[in-house]
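Colleague: The primary structure of each chain is shown beneath.
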Amino acid sequence: MAAATDPAAEQFVSFTVGGGEYGVNILAVREIRGWTPESRLPNLPDYVRGVINLRGTVIPIFDLRARFGGAPTQPTRRHVVVVIELRRRIRGILVDAISDILAISPDQILPPPDVEGGGIQRQWLYGLFVAGGRMVTLLDAEHLFAADTADEATAAPRPILALDQPS
Amino acid sequence: MAVEGSRVDNLGQFKQTYFDECAELLAIAEAGLLRLAPGTFDLEEVNTVFRAVHSIKGGAGAFGFSDLVTFAHEYEAVMDAIRAHTVPVSYGLVEALIHANDALGRLIDHARAGTAPPPDLIAAAVTALRADSGHGLPAAVIASGRAPAVASTAAAPESPRRSFALRFEPNPDLLLSGNEPSFMFRALARLGKLELGCQFDALPALTELDGEKLYLKWAGTLQTAASLAEIEEVFEFVADDSVIEITPLAAGGAPAAAVPAPATPMRSAAPGTVAPPGPPAKPPGPPVLYGSRDEPPATPVQAETGEPVQAASGGQSIRVDLDKVERLVNLVGEMVITQSMIAEHLRHLPPGQHREMLTGLEQLTQHTRDLRECVMAIRAQPVGSVFQRIPRLVRELSAETGKDVVLVTSGEHTEVDKTVVENLIDPLTHMIRNAVAHGFEPPDEREALGKPRTGTLHLSARHRSGRIVIEVADDGRGIDRRRVLERAVERGLVPPGVQPGDAEVDDLIFLPGFTTSEMVSSLSGRGVGMDVVRRNVVALGGRIGVHSIPGEGTRFVLSLPLTLAVLDGMVVSVGAERFVVPITNIVESLRPRPADLRRLVNLCDVIQFRGQFVRLARLHRLFDIPDAVEDPTRALVVVVEAEDGAQLGVLVDDIQGQQQVVIKSLEPNFRRITGVAAATILGDGRVALILDVAGVHELSRRAGPGGGRLAVEPPSQTEAAA
Chain E
1 MAAATDPAAE QFVSFTVGGG EYGVNILAVR EIRGWTPESR LPNLPDYVRG
51 VINLRGTVIP IFDLRARFGG APTQPTRRHV VVVIELRRRI RGILVDAISD
101 ILAISPDQIL PPPDVEGGGI QRQWLYGLFV AGGRMVTLLD AEHLFAADTA
151 DEATAAPRPI LALDQPS
Chain U
168 MAVEGSRVDN LGQFKQTYFD ECAELLAIAE AGLLRLAPGT FDLEEVNTVF
218 RAVHSIKGGA GAFGFSDLVT FAHEYEAVMD AIRAHTVPVS YGLVEALIHA
268 NDALGRLIDH ARAGTAPPPD LIAAAVTALR ADSGHGLPAA VIASGRAPAV
318 ASTAAAPESP RRSFALRFEP NPDLLLSGNE PSFMFRALAR LGKLELGCQF
368 DALPALTELD GEKLYLKWAG TLQTAASLAE IEEVFEFVAD DSVIEITPLA
418 AGGAPAAAVP APATPMRSAA PGTVAPPGPP AKPPGPPVLY GSRDEPPATP
468 VQAETGEPVQ AASGGQSIRV DLDKVERLVN LVGEMVITQS MIAEHLRHLP
518 PGQHREMLTG LEQLTQHTRD LRECVMAIRA QPVGSVFQRI PRLVRELSAE
568 TGKDVVLVTS GEHTEVDKTV VENLIDPLTH MIRNAVAHGF EPPDEREALG
618 KPRTGTLHLS ARHRSGRIVI EVADDGRGID RRRVLERAVE RGLVPPGVQP
668 GDAEVDDLIF LPGFTTSEMV SSLSGRGVGM DVVRRNVVAL GGRIGVHSIP
718 GEGTRFVLSL PLTLAVLDGM VVSVGAERFV VPITNIVESL RPRPADLRRL
768 VNLCDVIQFR GQFVRLARLH RLFDIPDAVE DPTRALVVVV EAEDGAQLGV
818 LVDDIQGQQQ VVIKSLEPNF RRITGVAAAT ILGDGRVALI LDVAGVHELS
868 RRAGPGGGRL AVEPPSQTEA AA
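Chains E and U supply the protein sequences, listed in that same order. Under our numbering, the first sequence has 3 at position 3, and the numbering climbs by one with no breaks. Under our numbering, the second sequence has 222 at position 55, and the numbering climbs by one with no breaks.
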């Protein structure tokens, strides 16, 4: 791919959830690990699966399919958790499988369409990448589940700059 | 910096130590000043302040901070005059001294930063100090800050020459620290007429004599025009580890009679043993005693045991960088996890075999527990360090509001982890401000009500069920529930027509932006107080409640965990999940009989327990856990008690055993969850949640009879929903 040589290109980890393919900036991804059972938490929406032990640190696991309005995932050992670290806060996102690592230059990223409502918020989306009949929805890792990890007192949405937003 | 080499670095290190000490000494001095009251004062308090200021001056001289020396001297001179009774202690003088203490602190800050203090800083403080002490202080002292303190006593109306009985029992290692008694005696002789006898009965046989040890003691009299302070100054560098008694004798008294005979018999018969010296003669008047500084004056270090070394050199301490302690705490935490992991694996071994390994594990468990306690003890601090700041706060507040308030504190020695101590300061300050500003009535109103004009503020700390409980209680007007409710309805916090109970009304004051105070003062702000306090306290895993009786007063009760690192817990299982119940909350566990279970007017399940009914919380429903034991008579109920005494029966499948767990907060990566205090990692690497008993109670109340999972917890309004 020609984009691979573009110095402004950014790398994205792409993965599948249901039939769709999604991607997050590789700089936000700390590691990718196999699914392990979570410990359940009370009184939370179904997309919060619970917490796991990541080598001594307790991190929450979110179910992307459930967050996008689908049924909660019935995970197996073949499911994958993408561990995201942003602003020293770590969280895991449960996905079906990892598919690719893509180098995408900024001009290849299309602005996200108006999808407000239907369980998806505009600020979760970073853009769309289309190549050869394949569409990857690039997610804004910073905003995704950000409200869920805020403290109760500071849960109000606040403006956060998107990660490495090209100017 | 690097070019100048290590000598500069060394000096820098000494300076750092000096500044650290200064901070402590300033706090000691302030505490002493706050205990000074007009009329009566404890000479020992005055001495404490004097010594603290004197030490600051000494160090400042060594490092060449001349501003500091000048001002400390001025301050010290006033303390000396108080001690010599030449200046009466007035309210204004104490005030001026407290300000002088602050000024000294600012000068130290400037010295530390290497900046020049503003020129008017010293001048203003000196002027204030003189204004309040001036009428009693002789002109000589006032005229020159550098005038020797002797001037004050020399001009004092008392007899120019006074007699002092001296007793000096040095630490045997005195010579090793570079001190030389003969120089000290020479300095004493310069002050006046010195008669000194040597006691050498502790001297061992020549063959056992250690040339570097000092076996001698001295006693005698000094007739001098100098003040007590000047005599003490001679002993300044040895006061910490030697026994020194300086007793003023009645003027013209017979010194010889009051002092033990200087010459004592030669060594006792058994060579090498330490012969006990004769009992010290009772000196006339209260002796001024110096022992280790940590010793309270009530138990002065006496040399009667014949071993002054041991008695006087106790309370050694070292300064350790906090980061090192933090690393130690983290390591111990990891070790506790590893230990429970080993225990988990060994549990599956056939019993009978591997007995040594199991014995070893048992010891390891014990040692880990001890190690944990030792490490936590390093970080433990008495809450007194926070309480110390309160008298001044109350003093300022009562001056500002015109209310007379007396502060009574208790439980200052209650120990709690350093992190908890640090986090106590802000909530406590807020609560005290609130109490003084809103709690107490003005003196006239109190009098009209038949109360004493002076209000009493009680501040106490104690340990209770593994937590520290701090109470702030005033005897003021109490919460005006009618007005609180009116405001709450006005602000839409309570629907009109609803009549909540008294306790619920009192609880409204913790809602954001809530205030009933008509006057907005600089003291307690605009009702941004108590909600912030509660939020900060809850963030620490603590709770705050209020109890109020109209006309009699208000009592705030704050409870916090003792440590934020490790706890002893009971591991219980529910379905495939495991939870940790803090041991301190557990009352009992039992398997209920069918007859013990009741449903109370279709509202909640209760269980009969020791003749009373407690609410039953089905953990598997609250946490939505599949495959749990549904039938309570085939499961277990753990009866738990929250800090407020409320009991709850928690339904679990089974109990797996007791173990200490490392507390891993959910907040760094997630957020607070009602009902969950924190998480931990068990031996198999799985996460188990540590239950917050009061929170589980809350969950079960909200869930209703079915005890099911709520739709979605509103992320921002959990407090308001209560």
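Simulated from the structure, these hints should not be mistaken for lab results. Ideal Cβ positions, reconstructed from N, Cα and C, are used throughout, including at glycine. Treat the hints with care, since some could be wrong.
Listed next, the stretches of chain U that the computed footprint assigns to chain E, with coverage defined by at least 3 CB atoms under 8 Å from CB atoms of chain E [stated by the list, open to error]:
(1) 658-668
(2) 849-861
Chain U residues, not near chain E, derived (Cβ > 10 Å throughout) [claimed, not checked]:
(3) Glu-501
(4) Ile-509
(5) Gln-520
(6) Val-773
(7) Asp-791
Colleague: Hint by hint, note whether the structure agrees.
Modeller: Verification of the supplied hints:
1. 658-668: violated (count 0)
2. 849-861: Per the Cβ count (5), the hint holds.
3. Glu-501: 7 Å, violated
4. Ile-509: 16 Å, holds
5. Gln-520: 31 Å, holds
6. Val-773: Given that every Cβ of chain E is farther than 10 Å from that of Val-773(U), nearest at about 21 Å, it holds.
7. Asp-791: Non-interface label fails for Asp-791(U): nearest chain E Cβ at 6 Å, not farther than 10 Å.
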